[in-house]
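Chemist: FYI, the numbering for the sequence shown is 1 to 347, going by UniProt numbering.
If you are wondering where the hints come from, they were derived from the structure by calculation, not from laboratory data.
Check the hints yourself; a few may be wrong.
Below, a list of computed lysine-lysine pairs in the DSSO-like style, where the Cα atoms sit at most 30 angstroms apart [to be verified]:
1. K224 - K235
2. K176 - K58
3. K271 - K235
4. K224 - K58
5. K235 - K176
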Amino acid sequence: MSPLTQSIFVMSLGLGTTMTLSSTHWLLAWMGIEINTLAIIPLMTQNPHPRAVEAATKYFFAQAGASALLLFAAFLNSCLTGSWNITLMNHPAASTLCILALAMKIGIAPLHSWVPEVMQALDLRTALILSTWQKLAPLYLMYQIPLDNSDLILLLGILSIAVGGFGGLNQVQILKIMAYSSIAHLGWMVIILSISTHLTLLALYTYLLISSSLFFSLMMMRAKHISSLSISWAKIPALTMTLPLMLLSMGGLPPLTGFAPKWLITMELMKSGLALMALFAILLSLLSLYFYLRIFYTTTLTTPPNNSPGSLPWRFFPQHTTLLPTLAITATITLLPLTPAILTFMI
């Protein structure tokens, strides 16, 4: 794919998301989501591998089904209430269908089955777009509609945390692990959505930051399998030291940045009388922490049986800019003390 063609598709991704974020009418929001879907499919198949084509086909059918259900929910709401406004989706049936359609769009359990299979077949750059940028427009719509059915939201959230934890236990492909990690983090965002929207935004921003940092690191290491991380010390020693900290931040351990949203969400659930739900969420998050620790162990405490042939890339000038990954990695590790200031700015 030529750079000009690739830039057109990337700009289309930005156009689709911007259209959805700036619209109050369901048809315009739906059109923006469709532009997003159609723009990322050529990026998935820019390397014409059969598995990439299969992943793009699965993604297209999953997104087409969710888009049809979303459009039907908006049409049903307009017939029952006479309004196409996003914030006026007040009928329970239309609201429930809309939530399920958006859950399928972003890959929330139990409508998540397409996410690991699609992510595994992609290159790291496209997987980064799929796990971060493509979540923004559907989450914005879920953020805007009235969430009267809070039980459904809580159920989707706790199911996503459970599926994300159990699904990633036996995985050795890093992209599949990141897919299940995405499902678990979306569960944390959704479980608090009907109670405190600013905590949902905090969890979303933190996930985008940490996930981007991890993908930047994996792209520089050229790693897609856990075993390939055992020679990362010979490629980029600095990343070998910071990658474990990013993984622990993704798992939500203090004193790292990823601890803040999980701690605040747990406190808010307990204040709302959902202490049992908060307990289940914390216990299920330990499963996700386990497979982060597997990557931690492989990266830092294992070595290959013999020296890898070839040159050591860290001795030469890097092929990619390192400023953005450096800033993202630093923020991933050190932003916890600024959490009160960030919350004050968001509220």
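Chemist: For the pair we were handed, K271 and K235, check the Cα-Cα distance against 30 angstroms.
Modeler: Violated, at about 47 angstroms.
Chemist: For K224 and K58, compute the direct alpha-carbon distance and say whether it is at most 30 angstroms.
Modeler: holds, 21 angstroms
Chemist: Does the alpha-carbon distance linking K176 and K58 stay inside the 30 angstroms limit?
Modeler: holds, 15 angstroms
Chemist: Straight-line Cα separation of K224 and K235 no greater than 30 angstroms?
Modeler: holds, 14 angstroms
Chemist: Given the proposed pairing of K235 with K176, does the C-alpha separation stay at or below 30 angstroms?
Modeler: holds, 23 angstroms
This entry does not satisfy hint 3, going by the numbered hints stated previously; all others are met.
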